[in-house]
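Colleague: Each chain, letter by letter, is given below.
There are 2 protein chains.
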Amino acid sequence: MADRNDDHTVFIGSKPFMNYVTGVVMQFTTQGANEVVIKSRGKFISRAVDVAEVAAKRFLEGNVVIRDIKVDSEEFENKEGRKVRVSSIEITLGKK
Amino acid sequence: MADRNDDHTVFIGSKPFMNYVTGVVMQFTTQGANEVVIKSRGKFISRAVDVAEVAAKRFLEGNVVIRDIKVDSEEFENKEGRKVRVSSIEITLGKK
Numbered sequence: 002m003a004d005r006n007d008d009h010t011v012f013i014g015s016k017p018f019m020n021y022v023t024g025v026v027m028q029f030t031t032q033g034a035n036e037v038v039i040k041s042r043g044k045f046i047s048r049a050v051d052v053a054e055v056a057a058k059r060f061l062e063g064n065v066v067i068r069d070i071k072v073d074s075e076e077f078e079n080k081e082g083r084k085v086r087v088s089s090i091e092i093t094l095g096k097k
Numbered sequence: 002m003a004d005r006n007d008d009h010t011v012f013i014g015s016k017p018f019m020n021y022v023t024g025v026v027m028q029f030t031t032q033g034a035n036e037v038v039i040k041s042r043g044k045f046i047s048r049a050v051d052v053a054e055v056a057a058k059r060f061l062e063g064n065v066v067i068r069d070i071k072v073d074s075e076e077f078e079n080k081e082g083r084k085v086r087v088s089s090i091e092i093t094l095g096k097k
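Residue numbers (my numbering), protein chains in the order written: chain A, 2 to 97; chain B, 2 to 97.
Because the hints were derived from the structure by calculation, they are not lab data.
Just to be clear, a hint being listed does not mean it is correct.
A pair holds if it fits inside one copy or across any two, identical chains being indistinguishable in the list.
Cut-off 27 angstroms, straight-line C-alpha distance, at most; resulting in silico cross-link-like pairs (DSSO-like, lysine-lysine) [claimed, not checked]: (1) K58 <-> K84; (2) K80 <-> K97; (3) K71 <-> K97; (4) K40 <-> K80; (5) K58 <-> K71.
Computed from a predicted structure; not experimentally measured.
Full structure from sequences and hints, please.
Modeller: Okay, here's the thing in structure tokens:
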């Protein structure tokens with residue numbers, strides 16, 4: 002987990018929306034990233050798409066595009082012993 | 002909007018989760034679809050991913066895979082005249 006890409010990953014959670022957008026934009030503009038991976042799980046998946054779209058189409062328009070999108074899910078048992086499946090997404094933004 | 006694919010599109014909204022999963026599975030099993038496109042917008046994007054994952058990995062395991070994922074967004078003015086960007090997703094499931 003120490004390869005170059007991990008330095009340019011943004012995990013989306015419940016912080017204010019613009020924190021994440023700024024985080025992504027700064028990776029490209031001040032951290033020299035060529036690619037930034039936006040990751041999230043469960044209900045935050047919608048938000049990850051919002052962050053990617055706002056970063057790519059408003060703040061970095063013309064310079065950055067969505068290169069790849071992967072979804073996955075894992076099943077585990079919750080406290081009541083019921084099987085629960087939680088989805089996840091990884092959106093890769095890259096410099097044009 | 003009348004090409005073959007539109008017959009095999011499932012729009013994800015606020016109905017019970019399993020309605021959508023069943024809808025997707027039935028397209029493959031009883032409607033003879035080779036591809037089904039799952040579409041949603043805004044906060045329902047997370048749900049679209051859940052539906053795709055549950056359909057592909059539980060109900061149609063080994064037979065259907067996620068072939069393509071596209072995201073997009075459109076900006077419009079809300080009632081207060083503020084610009085709002087709404088994201089959307091299209092997940093294409095296809096027979097192996």
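Colleague: Tell me, please, which holds for K58 and K84 at an alpha-carbon limit of 27 angstroms: within, between, both or neither?
Modeller: Answer is between; shortest inter-copy Cα gap is 14 angstroms, intra-copy 38 angstroms.
Colleague: For K58 and K71, with the copy left unspecified, which applies at a CA distance of at most 27 angstroms: within, between, both, or neither?
Modeller: Classified as both: same-chain Cα gap 20 angstroms, cross-chain 15 angstroms, threshold 27 angstroms.
Colleague: Checking K40 and K80: alpha-carbon separation at most 27 angstroms within a copy, between copies, both or neither?
Modeller: within (25 angstroms within a copy, 32 angstroms between copies)
Colleague: 27 angstroms Cα cut-off: does K71 pair with K97 within a copy, between copies, both or neither?
Modeller: This pair counts as both: shortest intra-copy Cα distance 20 angstroms, inter-copy 18 angstroms.
Colleague: Are the CA atoms of K80 and K97 at most 27 angstroms apart within a copy, between copies, both, or neither?
Modeller: For K80 and K97, neither the intra-copy (45 angstroms) nor the inter-copy (35 angstroms) Cα distance is at most 27 angstroms.
When the structure is compared with the earlier hints, a violation turns up for hint 2 alone.
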